[in-house]
Amino acid sequence: MFYRESGDFKTSYEQDSQTFPIKFDRYRYYAVLAIAFLVVPFVINDYWANAILLPFLIYAIAAIGLNILVGYAGQVSLGTGGFMAVGAYACYKFMTMMPEVSMFVHVLLAGGMTAIVCVAFGLPSLRIKGFYLAVATLAAQFFLVWLFNRVPWFYNYSASGQISAPERDVFGILITGPNAPAWATYMFSLIFLTFCALIARNLTRGTLGRSWMAIRDMDIAAEIIGVNPMKAKLTAFGVSGFFIGISGALFFSVYLGAVEVGEAFGITKSFLVLFMVIIGGLGSIFGSFAGAAFLVLLPVVLKVVGVDVLGWPTDIVAHFQLVIVGALIIVFLIMEPHGLAQLWRVAKEKLRLWPFPH
Amino acid sequence: MKLKLTTLALSALMAAGPAMADLVFPSLSYRTGPYAAGGIPFADGYADYFTLLNERDGGIGGVMTKLIECETGYNTEKGVECYESTKGEGALVYQPLSTGITYQLIPKVTADGIPLHTMGYGRTSAANGEVFSNVFNYPANYWNGASGVVNYLLELNDGDLKGKKLALVYHNSAYGKEPIRTLEELSAKHGFELSLLPVDHPGQEQKSQWLQIRRERPDYVTMWGWGVMNQVAIQEAANIRFPMENFIGVWWSGAEHDVMSAGDAADGYKALTFHNVGRDFPVFNHIQKFVVDTGKAAGAGDQIGTVLYNRGMYAAMLAAEAVKTAQAIHGTADIDASMMRDGMEALEMNEAKMTDLGMPNFGPSFNVSCENHGGPGLVGVTQWDASSKTWSLISDFKATDGDVIGALIAEDSAAYAAENKIAPSCK
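Protein sequences appear in the order of chains A and B.
For reference, each letter of the first sequence is one residue, going 1 to 358 in the working numbering.
For reference, each letter of the second sequence is one residue, going 1 to 427 in the working numbering.
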């Protein structure tokens, strides 16, 4: 009834190729943006920012990055934690080397640095694929964590090997450090997420995205029809690394404020982001958001329900959390292998026919 | 348990009549994950002492205490979530029992004006209260620990460690790296050789480190380990037949569960401590009577008298004493976090006080001041007896190398102050 193409006439090529061709979708998108930018910053408090929204926004960026690599280009990667660490440490080095520069620049530079590192570790993908590539990226994960633990230059020779974010601002508004207001950190991350999602969405709809998908679907056939596999794979690694680097930089500077590489960017982080992508839906930008929201919110919801509402002991709730999240992942993989994004797609198909399904 | 405690506190509150807020103590505990073995007894001890105060004394100064437990799993992200979700409840003091979470919380608590007490862990240079206004790490810190090990070895070797080899097996994290700087200084000062052997989280894989120890044959091994890493290290040391009496762990590597799994082979293993061990203290009879026997214990009640239970209880006792001090300073029973901070800064612990509390000779006597948030740094040594399954104090609490540590604290805190634009001062 509301959700349909009919009656929505396009009179120019621009209109025809816009991001959301269906009117309802478009308005929903505008509404979400308006709420996120104009309403949430005024009602946000420390708890919502630091416990729920910031991790969601930052993991969503990481999930988009990984989704480009795994979902669109079909290159399995287990190195996400290591690449996020590159973003975090690059951001830290830039922040301490050039304190007067705006945080926006630091985060973008950190993303760029990670893109370079990610391309370098993506080189093996030209020769190997599948499980073998997964093992090569796993090596990247362990190597990078080891590197940041081992070389004191990366953590400015601090006694504990931790990096902690000094206070930095954007146009005079504090973004990092404990005195940064909740709305500022939220807005800062939101701007990056919006920017990343727009770029990702448009890249995946264009030539580059199509060449990634061609490589993913069948690399030999893609090569025969003229897709350059080296270019496609390395750009996928580069773009993915850029996004993951941004998320790592934000994770360190805006969200946590102090980071220890082995603990914050260990192998569990790689798996967490991979789960987000798989649960959300491979090859879908919406899926990255859904997966990140699911895995960030679920533990918090379970904790609130178990501890605060039901009054159970904290350890039992923590154990239940593991069981429930694990069970849900299995259920999802069996019932809906294409993830939350597929559920959304099915819902849209149904909506299109509703209320006259025949 | 929490529900019971809350309802209990609530009903007591209603009985008390006029609406008075509780004294809120968040417990950022970890009862799950690879570090749970250490987290559980500590959290139990912490919770049971506050329950005892409520049950026996009707709270502190007539105000009931309320413990909010939040599971961190030793994970910094969850620690931040716990901090944010509990700070609005009027939290008086945070004790996260994790150096990683401490580093997260230091800037946050300073901005929010809530004190942070990291007893025997956390950032060592927080002992300088001029820079770290809201962070306390009395009565001892890691650098006292490092110096304590060396002093004890000096004692064994008649004051001369020249040419001796000391190996440090450490958890490869902020926690494990803390003592390195002090040990390096001390190795230069006393002329012993130091070798560093990092063990990655969670520490179940230590074959290569112990192979290296077997090859290099150090005279002594010291360990900065936590959680499952301790048990594995002690087992590995037993496997290569390293003499246990030459193996000294820091206070986080010296609990019952760390040595039990190695059985008789662990006999003679030593560990540092900054408080007394065992359960021969009157306070434990009170806990048994008022808390365990009435079914209000946080855990199963079987941990009483273990090293980490004692430490959790000691932490709770110091917090409760700081509350009393704060109540006396500000003349109100219903204190907030900033008054709590003043109470902690003016805390005086002495033998008479501890005897009154049923803990004679449980910990050192000390005074906290604005300049010194770190206490006296007295370190004792305990030894494990595998046949009777007890720890016993074999070297009394002794002073550590204040010259070396003081200089390092001044240097590190000055660097922190410069980085964060803090003007060191005592208000």
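Possibly wrong hints are sitting among the right ones.
[Said to hold, decoys possible] Away from chain B, derived, C-beta distances all over 12 Å, residues of chain A:
| no. | residue |
| --- | --- |
| 1 | Phe-2 |
| 2 | Ala-49 |
| 3 | Lys-129 |
| 4 | Phe-142 |
| 5 | Trp-153 |
| 6 | Thr-207 |
| 7 | Asp-308 |
[As the list claims (entries may be wrong)] Chain B regions said to be covered by chain A (calculated; three or more residues, Cβ under 8 Å):
| no. | region |
| --- | --- |
| 8 | 178-186 |
| 9 | 385-397 |
These are computed hints drawn from the structure, not numbers from a lab.
We put the CB at the ideal spot given by N, CA and C, even for glycine.
Evaluation of the provided hints:
1. In this structure Phe-2 of chain A is separated from chain B by more than 12 Å, as the shortest Cβ-Cβ distance comes to about 38 Å.
2. Taking the minimum C-beta to C-beta distance to chain B, about 8 Å, the non-interface status of Ala-49 of chain A is violated against the 12 Å cut.
3. Distance check on Lys-129 of chain A: its Cβ is at least 29 Å (rounded) from any Cβ of chain B, clearing the 12 Å threshold; non-interface status holds.
4. Taking the minimum C-beta to C-beta distance to chain B, about 10 Å, the non-interface status of Phe-142 of chain A is violated against the 12 Å cut.
5. Every beta carbon of chain B lies more than 12 Å from that of Trp-153 of chain A, the smallest distance being close to 15 Å; the non-interface claim holds.
6. The Cβ of Thr-207 of chain A sits about 38 Å from the closest Cβ of chain B, beyond the 12 Å cut-off, so the non-interface label holds.
7. Once the 12 Å rule is applied to beta carbons, Asp-308 of chain A is inconsistent with being away from chain B; the minimum gap is 9 Å.
8. Chain A is given as covering the region 178-186 of chain B, and this holds because 3 residues of the stretch bring a CB closer than 8 Å to a CB of that chain, at least three being needed.
9. Under a criterion of three residues with beta carbons nearer than 8 Å to beta carbons of chain A, the stated coverage of the region 385-397 of chain B fails, only 0 such residues being counted.
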